[in-house]
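S.K.: Position chain P against the provided structure of chain C, taking the given hints into account.
Protein chains: 2
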Amino acid sequence: MAPTYKLTYFDVMALGEPIRYMLAYGNINFEDKRIPRESWPKLKPKTPYGKMPVLEVGEKKAHQSISICRYLSKKVGLAGIDDWQNLKIDSTVDTVVDIRIAIFNLVFAPESEKEKMRETFDKETLPFYLNRLDEQVKENGGFFVDKKLTWADLHFAATIDSAKEFLKTNPVEDYPHLKALVDKVWNLPRIKSWRANRPVSSI
Amino acid sequence: MAPTYKLTYFDVMALGEPIRYMLAYGNINFEDKRIPRESWPKLKPKTPYGKMPVLEVGEKKAHQSISICRYLSKKVGLAGIDDWQNLKIDSTVDTVVDIRIAIFNLVFAPESEKEKMRETFDKETLPFYLNRLDEQVKENGGFFVDKKLTWADLHFAATIDSAKEFLKTNPVEDYPHLKALVDKVWNLPRIKSWRANRPVSSI
Chain C
1 MAPTYKLTYF DVMALGEPIR YMLAYGNINF EDKRIPRESW PKLKPKTPYG
51 KMPVLEVGEK KAHQSISICR YLSKKVGLAG IDDWQNLKID STVDTVVDIR
101 IAIFNLVFAP ESEKEKMRET FDKETLPFYL NRLDEQVKEN GGFFVDKKLT
151 WADLHFAATI DSAKEFLKTN PVEDYPHLKA LVDKVWNLPR IKSWRANRPV
201 SSI
Chain P
1 MAPTYKLTYF DVMALGEPIR YMLAYGNINF EDKRIPRESW PKLKPKTPYG
51 KMPVLEVGEK KAHQSISICR YLSKKVGLAG IDDWQNLKID STVDTVVDIR
101 IAIFNLVFAP ESEKEKMRET FDKETLPFYL NRLDEQVKEN GGFFVDKKLT
151 WADLHFAATI DSAKEFLKTN PVEDYPHLKA LVDKVWNLPR IKSWRANRPV
201 SSI
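The listed protein sequences correspond, in order, to chains C and P. Take the first sequence: its position 133, counting from 1, is numbered 133 in UniProt numbering, and each next residue is one higher. Take the second sequence: its position 95, counting from 1, is numbered 95 in UniProt numbering, and each next residue is one higher.
If we strip away everything but chain C, and leave its shape as in the complex, we get (with noise of 0.2 Å):
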């Protein structure tokens, strides 16, 4: 029999919504637990880091959305092929946690500093990394790494899913090979379906 699986997270895209692409490309029935702000902090000492996403297939209990990504990405058959292939995989999924951190960063700064912040951001950060991550797309034939689908292109999508209601702007609009990248993922049959599907959540 196959195990269930509960993701347990905010009623927030952000750090759960890669994880609940990769269970919806997979095709993996989940239960799509979401706990409201005001129940966290009772939820929080029973989470194994005192942190959320939590993952719970069958009995056990796993943390860290990127390693629980890793783990469904070889599930569903969107891990590379050999140890190099995942490497490069896991630098350019690293790589995006970059930027989402930078943006974490920016959606928590005191908001006095927010506008400066922002500012360079958007002039600085932003296309320092998606310039050379649309560079590599173009150079991998639309997807990140070697011309094939990886769970990279879904972490990718998902962290723009996100991402867009947090600046307020889509960030990969000027980007053609990053924005091409990104609506073929999101026309993916069931990641479609996903989204269409979806709880309404706003970030």
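Because the hints were derived from the structure by calculation, they are not lab data. Just to be clear, a hint being listed does not mean it is correct.
The list treats identical chains as one, so a pair stands whether inside a single copy or across any two.
List time: in silico DSS-like cross-link candidates among lysine-lysine, alpha-carbon distance up to 30 Å [said to hold, decoys possible]:
hint, residue 1, residue 2
1, Lys60, Lys74
2, Lys44, Lys114
3, Lys60, Lys138
4, Lys123, Lys44
5, Lys74, Lys184
Since the model is a prediction, treat every value here as computed from it, not as a measurement.
M.R.: Only chain P this time, still in chain C's reference frame:
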């Protein structure tokens, strides 16, 4: 013929040392290229994502330190034996990266805020993580995962090796299981030899 390995990084431990531990553990000869700060602006545009460390394996270049460590773990016999064990290793490493990011934020904070941030770090952030990690090592027979040495253990010991210099104190001093684990790694013959013979760097 085995490929040649070349690691390019600053003359510090920080993000480079976990990679150096992995190479030393596997008895892999490598060129340990250390770039003076003043040479970095010229080199930066030639690196894959404007960042170091970069590991060259033969003609191929890799970036992102954790991705590189995971790749090397497979070469030197420190990876997990199945997907779930690898997930536990990965989530441990990602948790230690969260600590390292908190330390970096502290180091690069504005002078005016450092004292207050250090207090929060010492009284809240660090105990929050280290209590849980110490418990994890206790539950896993003196290692992070499943009573055996994995790259999560080497990565942690290398991170502490550098963090103790940043923090001017050994952060695991009061955590008996973590301290024993770090000592165990530092006493592995090849790590012991690496630490005794490596170039002296301040952090």
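S.K.: Taking the hints in turn, state whether each one holds.
M.R.: Hint by hint, here is what the structure shows:
1. Lys60 <-> Lys74: Classified as both; 17 Å inside a copy, 25 Å across copies.
2. Lys44 <-> Lys114: Classified as both: same-chain Cα gap 28 Å, cross-chain 28 Å, threshold 30 Å.
3. Lys60 <-> Lys138: between (40 Å within a copy, 19 Å between copies)
4. Lys123 <-> Lys44: So Lys123 and Lys44 pass the 30 Å test across copies only (19 Å; inside, 37 Å).
5. Lys74 <-> Lys184: For Lys74 and Lys184, only the intra-copy Cα distance (21 Å) is at most 30 Å; the inter-copy one is 32 Å.
Against the hints set out earlier in the document, no violation occurs for any number.
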